Structures are given as C-alpha cells and as structure tokens.
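Residues per chain are reported as follows:
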Amino acid sequence: MTLELPGVPAEVTPESEEFWAAGRRGELVVERCDSCGLHIFPPRGVCRGCYGRELHLRPVEGPGVVYSSTVNHNAWSPGAPEVYALVLVEFPEYSGVRFVGRFDDGRDGTGTPPVGELVGFGLVPAHDDQFQLVFTAWDPA
Amino acid sequence: MRARAGKPVISGLGQSRIGRRLPRSAFQLTIDAVLAAIEDAGLKPSDIDGLATNPGAAVPLNPGFNGPDLYEVQDALGLELNWHLGACQGPAQFMSVIPAAAMVSMGVCRHVVAFRTTTEASAQGPGKRRGLGEGMKEGDGVLAWLLASGAVSAANWTAFYMNRHMHQYGTTKEQLGWIAMTERAHAAGNPDAVFRTPLTMDDYLASRPISSPLSLYDCDIPMDGSSAVVISAPDTTPDLRHWAEIEAVGSAMRHRPYWEHWPDLTTMATHDAARHLWSQTDLKPGDVDVAQIYDAFSPFVLFWLEALGFCAPGESGPFVEGGTRISLGGELPINTWGGQLSGGRLHGWGFLAEALRQLWGTAGPRQVENAEVVAVGVGGGASTSALLLTKGDR
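In order, the protein sequences belong to chains A and B. Take 1058 as the starting number for the first sequence in our numbering and just add one per residue. Take 14 as the starting number for the second sequence in our numbering and just add one per residue.
So that you can see chain B by itself, here it is in the shape it has in the complex (with noise of 0.2 Å):
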C-alpha cells in the first residue's frame, strides 16, 4: 500500500549531554536537544511549525519518566505552531514521531521537532531502580492487574516471555548474553555509552539474578538525557543539509494491549508492527543494512529480529550466538551505539539517533560502510513501533 507521493523526510538530530545524574533539569536538557536539531536541520526556530512528544505531562509511570511539559517548551521557544501533541497512549516510543511524519505529508505542518527527554537516572538517585508505580495511588488501564498483582516490573513481564520462549524453542541464557556482549563491545566505539569495557560471558552469567531467566546485564540503565529529531514535508529537501526518508512505519495494534493477555509470548507486539512495516514498502529484510533494535531487556531484541524478519520464528537465538552476524562487520549489524544495555536507557530515542547517524555517515568508528537502509524497532511487550528509514538522495 504506496499512497505517498512524496515521503516525509527526518532533517536533523539534536541530543543533549547524555549521562548519569546530570547536573542539568529535564527541561534545560530539552531545550539543548531541541536548538541542536533545529540547528543540525539547517534551519531557525521561526521555521518550525510543530512540536510534539511523549509522554508530557501525563501521570508518571516512574520518577524522570515523562520529560517537560510541551507547553512549556512551546513556551520557552516563541514557536509559532500549526500543530501540537504530547501523547501518553499510542504507539510506544514513536507515538509523537509518527503522526508528526503524517502532519509534514499532509501538508498541516513544515517542519515538526518531536523530542523524547528522561531523567530517571537522576530521579532515582543513588538507590537500587524501582518497580513501576510504586509512587501511584492506584493502577489504572492495561497494567493495573499486573501492578496489583505483585509483577511490578516489566523485567517479570518479559521474563514471562522469555520463559515461553526458551520452553518452546530451546533457547539459551547463553544466546541472550551474546546480545549484551555484543552491544557492549558496539559501546566501545561510542563515547556517550555508559559501559564501554568488554564483557564477557563469565561477567554476563555471574550477574546479579533480577527475574528468571533475567539478570542485571539483561536490563538496560537509566539515563539522563533528551533527543530531538526535526520531521520535514517531503518538498522541502531542496533547501535541506540532509535527511533521511521516512519508507515505512509501523505502528499496527492488532491483538490485546495486554503484556499478560498477547496471545502467543513467543511474540510481541513487534509482530504487529514489523507486518505493518513490511506492508508499506518493496524493500524487504534482506535489505536493511543496520538494524536499531530496543533492548529495554535483552529478550527484545530476539522477538524484534523474528518479528521484522531476519530469521524465522524461533531461530533469534542462533541467530545471535556467537555474536558474528549482529556484530559490526557481520551481516546484520544491530544497536551500533551500544543500545540501552551499553549506550543507556533514552527510551528508544537512541536507536532513532543511530539511525541517522548511520544514514548520514556521522557515525564515526561504529559506522556501517554504505548504510542505505536502517530498521528501528522500539518499544517490547503489548506496544511496540518501527521506523524503516533510508538514505536520502539529492
């Protein structure tokens, strides 16, 4: 289904210092990534005529989950704007990046920033990462059972996963910490990761249990720190520094929002997404040349590589064993700056930004040679969503 005539394009990248504990508010942090996309886009404040987020100011779901208002940012700037959303239910952590896609190629907008800001890292503080909710008074929507029902983090709700997964295909803790060992050594070439010194299977199997068949090197860090991305109408390249097209989104909800209640936890809602994706382009698998794929756990990233095709069902495990094929250099490389295991945990926004460093050969010691096209999955469990971004040609 191409019903584009002219596919909306992304113009820049911002991102603020990136870290643990920054000594610098949500919104400062905002701000910086915000002026630097705009910047890197080529173009001034005055140009941007859309603005939009996830979540804003909504009822946080942990302490420095949410980012600033996106009133305020609208406020701090001056922007003139023909559109605005701060979005707390949609498609995961492109739930602002996708509609703001659909304003540009519908003409409401020119030039949207869309920006993704957390401070969990500082808003947790020296202690131990907390369960979800614990500052609610009460669990409302599609996780109320879960939190009710003592699975208060979602590393119990994906070890529910991963244990179906290992009990239907046989896969191994091994393979999973192939993932973790991969990205880690991917971490090296990136001096905004938070771990950079090679880990080992020793070092991976020795970690501290966290939820069966998951442990500390399974779970990604939080993170301080904000991305912006600048989403362009399709006719405004000619006066562009560079972009990269939007080919395919996907942000399919086709099955129970539920993480308890998907019908198959041998899958994700990446299923849902990545069908949605292939649906909209003649590109296939076998094109992509580096794959973005969220690893708020590492089973993610196994149920990703299923979901958007790379291997069959069932085979992610030896598919990453060894390392070789999702290793720079390999066939398919995957979360070339570290991913949230390594890189830090920015809600997805990372493998946004690696994107199109990819795609804009800015990527320095981690770069893919000749990345034409990139996959990014973000989001895990019932919300899942995906990007297919390709190369932009003057």
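For reference, chain A alone in the conformation it holds in the complex (with noise of 0.2 Å):
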C-alpha cells in the first residue's frame, strides 16, 4: 500500500544509520544490550539500565500490543491527507519498546483497535530512504 503521511525525514546519526540502513532491508530493529538484554530504542550505543557498550541489534517480531491510538482528522499541511488512524505499539517481548504507525483497519482508514489488541506490522518506503509503520490486526499465519 502507498503511505501519503505527512512528516518530515529523522535526521541520521551515527547511532541511528544502522537502523535505517536495515529498515531498507525491511527489518525493524532496536539495540539490545549483551549484557543484561534489555532492549533500547532509538538506538544509543550505551544500555540504560546496566551502562553496558556492547549492544547489537536484533530484529523486531511481531505481534505487537496496541498501548493507545487516535483518528486524525486534520490536514497539518496543504494537501496531507486528514483522515488516518495512528497506533502506539508497544512490543513486550522487546523490553515494551515502543513504536508509532499508521493502523489499516482493510476498510476506511478511520477504524482503530482497541487497547490491548496484538497486532502486527510492515514497513513501507517514506522520505525517499527512510519509512514508516503501518500496523494490522495480527495474522499467525
């Protein structure tokens, strides 16, 4: 699917070209630390909780757990769209890193699923190199 929502590029660091660089290879992925496995997001290069250097990154699988969402209904800018639903996802597995997507309900865009409710994701291509999220109700299949 096409993804039309506004914003602008995060500016690319060091810390977080990695990141980036494995978005364009379709994997979602946060730092865990080797030391004590947390996970961190966006990427640091140092852990929170034990100050540990040695973090690698690792992939992000689904499902997520919807933490909270909203329907947009305002163009932010001349010709944006007004009408999309965004989701908060929070990922348990991963130390509950968080993530914000664009929720495609297969229907009109307006539908949002409750809190709590697994979902899963894909990356589409956004600001040229970089992409966002969009987030469906979770398939195990």
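To be clear, the hints were calculated from the coordinates, so they are not data collected in a lab. Some hints here could point you the wrong way.
[Claimed, not checked] Facing chain A, a subset of chain B residues (Cβ under 10 Å, in silico): (1) G146; (2) M149; (3) E151; (4) G152; (5) L160; (6) A168; (7) N169; (8) A172; (9) Q181; (10) I223; (11) P226; (12) L227; (13) R269; (14) E273.
Note that the structure is a prediction, hence the values are computed from the model and not measured. Glycine included, each C-beta is placed from N, C-alpha and C at the ideal position.
Using the hints, put the two standalone chains together into the complex.
Here you go:
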C-alpha cells in the first residue's frame, strides 16, 4: 500500500544509521544489550539499565500490543491527508519498546483497534530512503 | 529540602498587546513587554543585570514560535548584563524563569528580565494551523521519530495520552468539555481573551474533530503577544512596589523525555515536576487558592490536577465535571483568565501573568478573594515545569 502521511525525515546520526539501513532491507530493529538483555530504542550505543557498551541490533517481530490510538481528522499541511488512524504499539518481548505508525483497518482507515489488541506490522518506504510503519490486525499465519 | 535563606521574588509583570495577527513585529512586542515589566517593578532599564528567554534564536518548531534573538533585545535596550540565557532545551515554558531565580539567589544578578514572545497567529496567516516541523528539512532529537511517523501534531500525541486515560479510568469527552466551558466562562472577565462568548456542551461536542478524542475546542489558539517578568533578589524587597515569592519550582526530568516512551501514558512529566515542587515546601495542595494550568490541549489540565495532588490519580474527570470546583468561587478556581483555550496561546506565560495578577489583587472581575498561594504548571507530555508563588508581605 502507499503511505502518504505527513512528516519530515528523521535526522540520520551515527547511532541511527544502521537502524535505517536495516529498514531498507525490510527489517525493524532495536538494540539489545549483550550484558543485561535490555532492548533500547532509539539506538544509543549504551544501555540505560547497566551502562553496557556492547549492544547489537535485533529484528523486532510481531505481535505488538496496542498501547493507545487516535484517528487524525486534520490536514496538517496543504494537500496532506486528513483522516487516518495512528497507533502507539508496545512490544512486550522487547523490553516494552514502542513504535508509532498508521493503522490499516482494511476498510476506510478510520477504525482503531482497542487497547491491548495484538497487531502485526509492515514497513513502507517514506521520505526517500526511510520508512514508516503500518500496523494491521494480528494474523498468526 | 529548604536550603534558601530568602526566596527569589517576581517583582514586575509586563505584557504587550495580545491578539490575533497584530500589526507589530515580535521584536516590538517584546520591547513593549520588557519595558512595561521593568516599569511595573518600579525599576529602570539600568537596574536590569540579567536577561533570559526561551527559545530565542533556535530552529523554530513552528513559524512564529521562537520570539526574537536575545542578543538583539540586549542591544536595543543597551542593557549591562551579568548573565543571559536564550534556552531551547530545559524544563518547558519556565526554562528561563527557573535559572533566573537561581541567579538572583546566588547573587550573580539583582534583577533579571525574562520574556516569552510568540507571533504564531501572524505567522500562520489566515490558513489552518500547520503540523510541527513542516519547515524543517529533517527532524532531530526527541521529536524525530514522531515527526517521521506521521504523528506531526502535538494533538496526535496528546490524543494517545487521553485515550489511555479514558481506557484506564473511564474519563469522558464530556468531562473534557467542562474544562473548555469553564475556561470560556472565565474569559468573559478578561478583555484580552480571544474567545469571550459562552460555550455550551452542545457547541463543544459539535466542534470539528482534530485527533480523536480531541476536537477543536480542546486545542488552544495561536496568538501574537509578549510577556515579561522581572525576577529579583530576595534582599531587594524593601525597594519594590510589589512582589511574589517563588516558594518552590518544579524542574525535574526523571523519565524518558519522549512523548511516546513516557512510562505510563495516564501520567505526564507533570508528575515529576509536581513531585519536585512539593518536595521544596511545607505548603500542601490544600493551601493553593488558585491554579494556573497549561492547556495547549484540554487533557493537560486533567494530568496536572492529578499530578499536583488536587485529586487522586484517575479522578480528574469527575473533579472537573460540572465545572463547579474549578470555576471562580469554587474550591480550586483554575485558569481564571480563560487559559490558552479561550485566552490564547502565550506559550505558558498567560498563566504566569495571571498568577501574579491574582497575588497582587489586580485581576479585576476575575479576582479570587484573598489569593495568597498560586500553583502554576506549564507544559505537557514529556516536558513540564511548575512554580509555586506566594503573596509577598511587606
């Protein structure tokens, strides 16, 4: 699907370079601390739990859990879409890291899943060589 | 923790004209406010030895957001300064006031002017309100991920919090409506307020949706205007016309400074700032006569009421319902000037101005009788600050 959400690309830093490179391969990644296992996002190169400096990127796999949601109804710049659902999704298996993305309800795009619902996700190209996330109802298959 | 011999005071308040699309530059509005504040304190520009603002010269998040360059203000008034600060990273809208209070307490300065200017109404023009970051090439820092993900308005971010509060506590849209309606009623007593005609629940519920559950009257309105205060050393009070003591400040940042990564979205950074505020004083929430609470979006009021301890966690919806408690004459009048929802978005400084007027007995028809303690909480999401101000006694 195409995604035409408004927004500006994130500044790419030495810490986030690999995150975006993984995104171009279709992977959503977070850092994992080698010593204590805490997951860190955005990437920092340091663990906020144990101050470990050895962290490696690990792909995030679904399902996520809906933490909150909203349906946007306002065009935030001329020509921008007005109506789209946004979800804030938590990944309990990954130390609870959260991501924001659009929710595709498979219908008119205004449906939002209830808090606690399981969701899957996909990456769609955005801002040239970056991506945005699209969440959908969780399909274990 | 009370380590101070005497408390820093706020000795003067000045505001420029306040309105939508004023035919006056941000710079002139600022000079208007600064000179008025100095005069209100009974001082001369040559008495001023500190100058602070936020953010000043920095990349604007929105057109008209920043106000003028601090250096140009210093130059225009020929100020001889011991200290100055144009701050773009700090505890929310009082990031200039709090260090100014520290400077006068340390003896680095005697009288600091702090100001905040916005011309967002003019910059926005006649069109609709824009998203954040639109003029930027890329987003950096703690907003980068939101701005890249399509959540380009703080309305979206606030909606995440409000939905979570509703989910967990059963808070309702109508309860939010009581905040907008109460503030509108208060604005009737403020000639500078943008919206002064009464708002009904029907009007409120029928207003255009912005980001569910928020609709138009849950959002503040961009303004042109400048506010300035003079912050003075404790030992200057014998020479002052009037003053308010800065009893305590809330400047804490104890959790992740990201809207989306805040640990519990039924709370905000308000909770850190409020806890920090109360840790510095013997006063209690029950001692507060009037509260001035930031309302870029109406839900912020709920989060601040809980954070400041005016009601228990989750009970802010019932607390504001019906408007009785939070109206003039109620047990805790809030946002007596109309707040940013009806008074206009002066980016937190309308609350500070009103707090001082309440303490100095100059709030006119909206005066709270015998107001001696005012709590001011500004900001929301992951960045907030607070002041506890008390009436100065000669």
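Do the hints match the structure? See the list:
no. : hint : in the structure
1   : G146 : holds, 5 Å
2   : M149 : holds, 5 Å
3   : E151 : holds, 5 Å
4   : G152 : holds, 5 Å
5   : L160 : holds, 5 Å
6   : A168 : holds, 7 Å
7   : N169 : holds, 6 Å
8   : A172 : holds, 4 Å
9   : Q181 : holds, 8 Å
10  : I223 : holds, 5 Å
11  : P226 : holds, 8 Å
12  : L227 : holds, 8 Å
13  : R269 : holds, 8 Å
14  : E273 : holds, 5 Å
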